[in-house]
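Put the two chains together into one complex, using the hints given.
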Amino acid sequence: MTTQHDKVDVLIVGSGASGAAAAWSLAETRMRILCLEQGDWMKSDQFPSNGRDWEARRHGDFDILPNRRARAADYPVNDDNSLMKVANFNAVGGGTVMYTAHWPRLHPSDFKVKSLDNVADDWPIDYWTLEKFYEENDRMMGVSGLAGDPGVPPRHPPMPPIPLGKTGSLYGRAMNDLGWHWWPSDTTVATTEYEGRAACINLGHCTPGCAQGAKASTDITYWPLAIRAGVELRPNSRVREIATGPDGMATGAIYYDADGREHFQPAEVVILACNGVGTPRLLLNSVSDKFPNGLANSSGLVGKNLMMHPWPVISGYVQQPLDGGRGPITSIWSKQFYETDPARDFVRGYMLQFNRGTGPASQAILSVGAGQLPWGRDHHKTYRELLDHRVAIGVACDDLPEEHNQVTLDPVLKDSNGIPAPKIDYTISENTRRMMEHGIARAEEILNAAGATRIHCSRTVLNYPGHLLGTARMGTDPARSVVNEWGRSHDVKNLFIVDGSVFVTGGGVNPTSTIQATALYIADQMKQRLANLFD
Amino acid sequence: MSLSETDRRTLAAVAAILIPADSALGMPSAGDPAILADIERSIGRDGAAVAEILTGLGGANEATILDRMAEPDTAARLFGRLVLGAYYRDDRVLAALGHEARAPFPKGYVLDQGDWSLLDPVKQRPIFWRKDA
Chain A
1 MTTQHDKVDV
11 LIVGSGASGA
21 AAAWSLAETR
31 MRILCLEQGD
41 WMKSDQFPSN
51 GRDWEARRHG
61 DFDILPNRRA
71 RAADYPVNDD
81 NSLMKVANFN
91 AVGGGTVMYT
101 AHWPRLHPSD
111 FKVKSLDNVA
121 DDWPIDYWTL
131 EKFYEENDRM
141 MGVSGLAGDP
151 GVPPRHPPMP
161 PIPLGKTGSL
171 YGRAMNDLGW
181 HWWPSDTTVA
191 TTEYEGRAAC
201 INLGHCTPGC
211 AQGAKASTDI
221 TYWPLAIRAG
231 VELRPNSRVR
241 EIATGPDGMA
251 TGAIYYDADG
261 REHFQPAEVV
271 ILACNGVGTP
281 RLLLNSVSDK
291 FPNGLANSSG
301 LVGKNLMMHP
311 WPVISGYVQQ
321 PLDGGRGPIT
331 SIWSKQFYET
341 DPARDFVRGY
351 MLQFNRGTGP
361 ASQAILSVGA
371 GQLPWGRDHH
381 KTYRELLDHR
391 VAIGVACDDL
401 PEEHNQVTLD
411 PVLKDSNGIP
421 APKIDYTISE
431 NTRRMMEHGI
441 ARAEEILNAA
451 GATRIHCSRT
461 VLNYPGHLLG
471 TARMGTDPAR
481 SVVNEWGRSH
491 DVKNLFIVDG
501 SVFVTGGGVN
511 PTSTIQATAL
521 YIADQMKQRL
531 ANLFD
Chain B
1 MSLSETDRRT
11 LAAVAAILIP
21 ADSALGMPSA
31 GDPAILADIE
41 RSIGRDGAAV
51 AEILTGLGGA
61 NEATILDRMA
71 EPDTAARLFG
81 RLVLGAYYRD
91 DRVLAALGHE
101 ARAPFPKGYV
111 LDQGDWSLLD
121 PVKQRPIFWR
131 KDA
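These protein sequence lines are chains A and B, in that order. Its first residue numbered 1, the first sequence is counted upward by one per residue in our numbering. Its first residue numbered 1, the second sequence is counted upward by one per residue in our numbering.
Excised from the complex, chain B in its bound form (with noise of 0.2 Å):
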């Protein structure tokens, strides 16, 4: 789905309201151009809901953005998701958070054993798995 120019300037707006700049964290805004670009390719699936949203808040004010998201509704849940799908895969953002930019595959990570001696008490518990007969 490629939206309109019109669609294209509210989603920036909305986007940019919903996760605002923050230059002493190091975090882009959602409504910086590569992550509109990259939530624009990820519509897919969520084109109903992202023309739902767009439709009701072209021009709208901040509050009247931040309203509309907190409805419990599936379009404000879909259209949130795909804007934190596609923030939060961006490589800045990931940096900026200490995540490595990068698909787990096929460098995977390391997983601490953890304190296995917290096993020690429930080893000493009798049976209690009731008997079927």
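The following block holds chain A by itself, in its conformation from the complex (with noise of 0.2 Å):
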């Protein structure tokens, strides 16, 4: 028996970057608005770094990939075909739980690729249409950072950044020898009391989310104001598809409760928020004879044009100790070779990611994995040569759609409730990986400046952090895009889609910055065009 609730003026699937950022800037609208999130309010002192066994929990309730973290509210993930792996939280605030607060922009070039570089599309909006959003997005999330970088445009980041330490003077050193750009990294990691939050005491764990709450994550940003303004949360409800009636419109949602009960939450506007993978999963779950191929999909292209972000790391050791796991991972950023460069043989770029260490246990870890640490007689000697003498950048590779790089459904594959599971097919294009090795060299050399040895990098790990882009993509063409210029379907004229698939292109960043300032802004679109919205 499926249980009836009150229709919704508008009901938002997905509680995380993209969802809440939508729901607190349409709740001025005292429209009467719902948000489904399959996950429960986390709380911090069940964050690992309140306890002893902080590094192990990364790799067990707190791991970035669901398959391996399988808790209640993760769904399965079928990414046996993919050399990059799905990374994601589900709980209210989502991906903001468990992400490294690392928070640059896109650049305006990324908006252009087709104009600027003759490959992919241009995106339908530019950089600077996002640019109030962005700004607004950093005031809300409360940005640390540090203006006037001459490698990105202009941005006023409200708190100062967080501190260089021993690792970042390093990494500076080698750059200036190198005579390479650098700049410490805009991240979400409050550095003063920030709106509530405490700042950040260094407990060196930011991704599996944060026991002081400095680190941003949008269950205590976005979420505490949307519902003080009359938002309506409703954690532990796991949409299975949307409903649509004879004449093509969105009716709502049919979810499960945590009990596995069967509910319909009717709506007059459905805004999808559950990332590259939940959001094409959702649709192609939502088959009617009206929508044979799933829903918004006349296009053919939901689910296509997966974009994950191939992010080799470089790691050595230098004589010297560092800051080890005390501080945020997040360090400092370089933009050298973010843009394209005719005399390099790809298009397009990369932004270096430099680390701070990590705790004793993982330093072992990745020291084993790297081969630098043996098992055996000599394991004391080396481990203390390498502990907290470790360095590690990462290289976040601008990633063009392909089509073949998609989620389908798994035929086999489905989750606690029944829903069938997405299923990953991803490779990485020729482009990328001359990319790929381009970086890895860049960042060898910048390894060596800094007197590190035992250089070491993986081709076959990348999965640093598989971010989730393009699968519903924006465009103002419907036989070539999922939703319009301003996120609205092309063909379910209710129904929107605010997170990381409208991406066209995915930069060489982590997106979560660029995901929030999007929903923001098609947020503001619907507010604008409410009078005609379904026009």
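Derived by calculation from the structure, the hints in this document are not laboratory data. Check before you lean on any hint, since a few could be wrong.
Stated by the list, open to error - Here are the computed lysine-lysine pairs in the DSBU-like style, where the Cα-Cα straight-line distance is at most 35 Å:
id	chain 1	residue 1	chain 2	residue 2
1	B	LYS131	A	LYS132
2	A	LYS493	A	LYS414
3	B	LYS131	A	LYS112
4	A	LYS381	B	LYS107
5	B	LYS107	A	LYS43
6	A	LYS527	B	LYS131
None of the values given here were measured: they were computed from a predicted structure.
Have a look at this one:
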């Protein structure tokens, strides 16, 4: 038996980066807004850094990979046919609970890759359209950083940057010796008290939740304000499909509660905010006579063009002890190789992300994995040479869209509610391969300049971090895109998508800042068009 | 997951080979009873990997154990991670390494500001992000 609920004006599916931003923005309309979230609220005293097993839990109930983590709120993903693995988190706050808080924006050129480099497609909007929403989002999430970076357009972080520490200073010296650009990273780690959040105390373990509450996640930034403004958030509610009526409009969502009971939530408007895998999965599961290939899929592009950011990490060890696991892993970035250079054998470029160290167990695990720390009799002697001496640079490669990189429905695998699970097919393009090798070589130069030895890079372990973008792309042509230039489905005029699925290209940076700026932009467009939203 | 007595003996032998004691450095062996108990408590999601490793290494000598753990497969990686995770949170191990044996929260750590003057030459660079028009 299905429980019927009262109709709401706006139903948002997913409470993570984009769903929270959209909910908060739309709250001022005083419409009745409801968000369904498959996970529960997190409590900061449950985060790993409260306990002595904090490093091990990173590989357990706080692993970034849902297949490994396998919490009750997680759904399985068949990513056997992908070198990159899906990273996500399912709770109120979504992936912002489980992220490293690195906060670069896309560059203006990222929105114009067809015009500038004759590859892929331009976005139907540009950087300058999003600029005020980037700024608004930086204030809402609380960003630490330093204005004046010559490598990026102007921005105004409201808090000072994270200290350079020994590790950032080492990198800075090496980059200066090479004459290459670097700058303290923007992050959403609060370096001062900010809007009720405590300042960072350098727990050194930002990704799997911040026990201090210094790292921004939407459960502690957007959601308290949205709820205070009247938005309802219903956790432990897993949506199976979006229902449609005879007129082809969305009528609401069918979902399961924590006890597996089926509900129907009617709505005037439906907004999907389930990330670049969850959203196409939901659309492909929403099959009807009118939409036999899935909802909003007349273009056939739902699930196509998945972009995941191949991200090789190059590590080494220096003579002097550094910060180790004390302090956020984020340190500095470099945009030296971000923009297209015709002299190179690839188009587009990459950001370098310079990491601080990790805790004692993680350092041992990473060092064994890199073949630098032996088992047996030499273990202790070598470990003492390596502990707190490790440096690592990530190469965040621009990931251009290719239709064969895709999310489909697995014919066998299902989640705990019997909903078909997503299947990922993803290969790395030749352009990206060449970009990766260029970045690896530059990172090795940097580590050499820093005095590092035992330099190592894996070409196969690339799941740092498996961003999820592009699978319901934005565009003006209904044959070549899923949503229009303001986020509305071309096919279903009361269905909107606000998450990373709408990205046309991926850029070479962590995407959360742009995901949220885009969600705020789409919400703003909706507010401006309320009188004729479905025209 | 709880181990059989046979597997427990194998685990103790394998762990002691992987990380032997070093009395001069004050480091216990990973085959130490307290660390073994922590490893066993922590098996959780790694039950299959542990079973695969222990089944293959019952009665094995040092060279065989080290050769097996050098193989680049999932079982060796997960088993190794389990042993290291338990070993490097042991109070005695952390104390011998000069680390405090505590959770990061609530005390936290101090992170030096570092040398911000290093940024001066970067500040002098002209803007170089690419214009889009």
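Status of each hint after checking the structure:
With a C-alpha separation of about 18 Å, the suggested pairing of B:LYS131 with A:LYS132 holds against the 35 Å cut-off. Of the pairs offered as hints, the one joining A:LYS493 and A:LYS414 holds, with about 30 Å between alpha carbons and a cut-off of 35 Å not exceeded. Distance hint between B:LYS131 and A:LYS112 is fulfilled; the C-alpha atoms sit about 10 Å from each other, no more than 35 Å. For the given pair, A:LYS381 sits about 30 Å from B:LYS107 by alpha-carbon distance, which is consistent with the 35 Å threshold.
For the hint pairing B:LYS107 with A:LYS43, the CA-to-CA distance comes to about 18 Å; that is within 35 Å, so the pair holds. Using a Cα cut-off of 35 Å, the hinted pair A:LYS527 and B:LYS131 holds, with the two alpha carbons roughly 30 Å apart.
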